[in-house]
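Engineer: Sequence:
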Amino acid sequence: MLEGLGDRRIRFRLASLTDRDLNFAPVERRAQDFAGYIRTLLKILDHSPLGRTLVRYASLQDVSVGLDPLLEPHASYFYPNQNHFDLGYQPELLHRSEKGISRYLVSFIAGLRRVWHHRTGNGPDVSLRPQDFLRLCRFAEADIEAVTHLVAWELRSGGASFLWRHLLAGANGDISVVFERAILEGPPRKSDTAALRAGFDQWFAERERANACDHFALEVMDMALIQQPAIVGLSPLRPGRAAGVGMLPSGLNYLEGAMFTGAWYDVPEDDFNAVHLRHIEQDIIQLLEKEHNSR
Numbered sequence: 055m056l057e058g059l060g061d062r063r064i065r066f067r068l069a070s071l072t073d074r075d076l077n078f079a080p081v082e083r084r085a086q087d088f089a090g091y092i093r094t095l096l097k098i099l100d101h102s103p104l105g106r107t108l109v110r111y112a113s114l115q116d117v118s119v120g121l122d123p124l125l126e127p128h129a130s131y132f133y134p135n136q137n138h139f140d141l142g143y144q145p146e147l148l149h150r151s152e153k154g155i156s157r158y159l160v161s162f163i164a165g166l167r168r169v170w171h172h173r174t175g176n177g178p179d180v181s182l183r184p185q186d187f188l189r190l191c192r193f194a195e196a197d198i199e200a201v202t203h204l205v206a207w208e209l210r211s212g213g214a215s216f217l218w219r220h221l222l223a224g225a226n227g228d229i230s231v232v233f234e235r236a237i238l239e240g241p242p243r244k245s246d247t248a249a250l251r252a253g254f255d256q257w258f259a260e261r262e263r264a265n266a267c268d269h270f271a272l273e274v275m276d277m278a279l280i281q282q283p284a285i286v287g288l289s290p291l292r293p294g295r296a297a298g299v300g301m302l303p304s305g306l307n308y309l310e311g312a313m314f315t316g317a318w319y320d321v322p323e324d325d326f327n328a329v330h331l332r333h334i335e336q337d338i339i340q341l342l343e344k345e346h347n348s349r
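In my numbering, the protein residues as written are 55 to 349.
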């Protein structure tokens, strides 16, 4: 159940933490504490239909979850080859506070949604051409933000409003405002999908969100070029795949039929990202030429 990932890494099988009757063997205090925090998150998400379903799906996929002190407190990262996602470390004083729990929830929901993206074949893939990879990464992050808001809204509707307040007061509070408006003004039976689409679109309104996403995506491509250069940056983004990030466990896709045309979705890169992208494209061309000449 507990696996070491280096001297400062903690890792648990998610399915083991959903078993309320499980008795832990003695492990170090920090690991026990982390398992307790995850159990708290699972209990909270059990009150959200979407959150509960995402947890169930990840458990059935035998996903593990861990703690990485090198990640930002609000961040998470999924490793498809290891079937594992890490959460960023929270200062101990925040662990029992609504702020700390909210941060963990945001990163945990994001990790669960990334599991869903990759296991359903809709996640970003470094085999895509660089521009297409950046584009799909943006769509995936916009979807994660929208889905996080829906989970928070479901919790709020059930009486637990602290996560919603955390989102509303945070850096992405503009998404919260647009999401709530769409929920309240949309058709009763379609308000969730309308709000998800509104939240997804609003993500692109802030250029810094897209730039930060591009920056991280370019670093991922850089690492992939070192580790598996033969498959990086060659495949085009097939029609309809971008909209696939909006697929929900219910079978509905709130992005179905979306075209994603126009400047709203094609956020211009900042100068640093543009240079970084150009270098990656040149590296891919050189690798292809080298492979061609070696034949």
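Just so you know, the hints here were simulated from the structure itself, not pulled from any lab data. Don't be surprised by glycine CBs; every beta carbon is placed ideally from N, CA and C. Treat the hints with care, as some may be off.
Okay, the calculated beta carbon distance ranges per label pair [stated by the list, open to error]:
#1 E152 x Y111: 47 to 57 Å
#2 P127 x E262: 14 to 24 Å
#3 R83 x E262: 19 to 29 Å
Mimicking EDC-like on lysine to aspartate or glutamate, the simulated pairs with C-alpha atoms at most 16 Å apart in a straight line are [unchecked claim]:
#4 K244 x E208
#5 K244 x D320
#6 K244 x D228
#7 K153 x E126
Engineer: Evaluate each hint against the coordinates.
Structural biologist: Consistency of the hints with the structure:
As the Cβ distance of E152 to Y111 is approximately 27 Å, the hint placing it in 47 to 57 Å is violated. Taken as a hint, the range 14 to 24 Å holds for the pair P127 and E262, whose Cβ atoms sit roughly 19 Å apart. The supplied range of 19 to 29 Å is broken by R83 and E262, whose beta-carbon atoms lie about 38 Å from each other. For the suggested pair K244 and E208, the alpha carbons sit about 15 Å apart, so the restraint of at most 16 Å is met.
Restraint check: the Cα-Cα separation between K244 and D320 comes to about 27 Å, which exceeds 16 Å; the hinted pair is violated. Pair hint K244 plus D228 does not hold up; C-alpha atoms about 21 Å apart against a cutoff of 16 Å. For the hint pairing K153 with E126, the CA-to-CA distance comes to about 15 Å; that is within 16 Å, so the pair holds.
This entry does not satisfy hints 1, 3, 5 and 6, going by the numbered hints stated previously.
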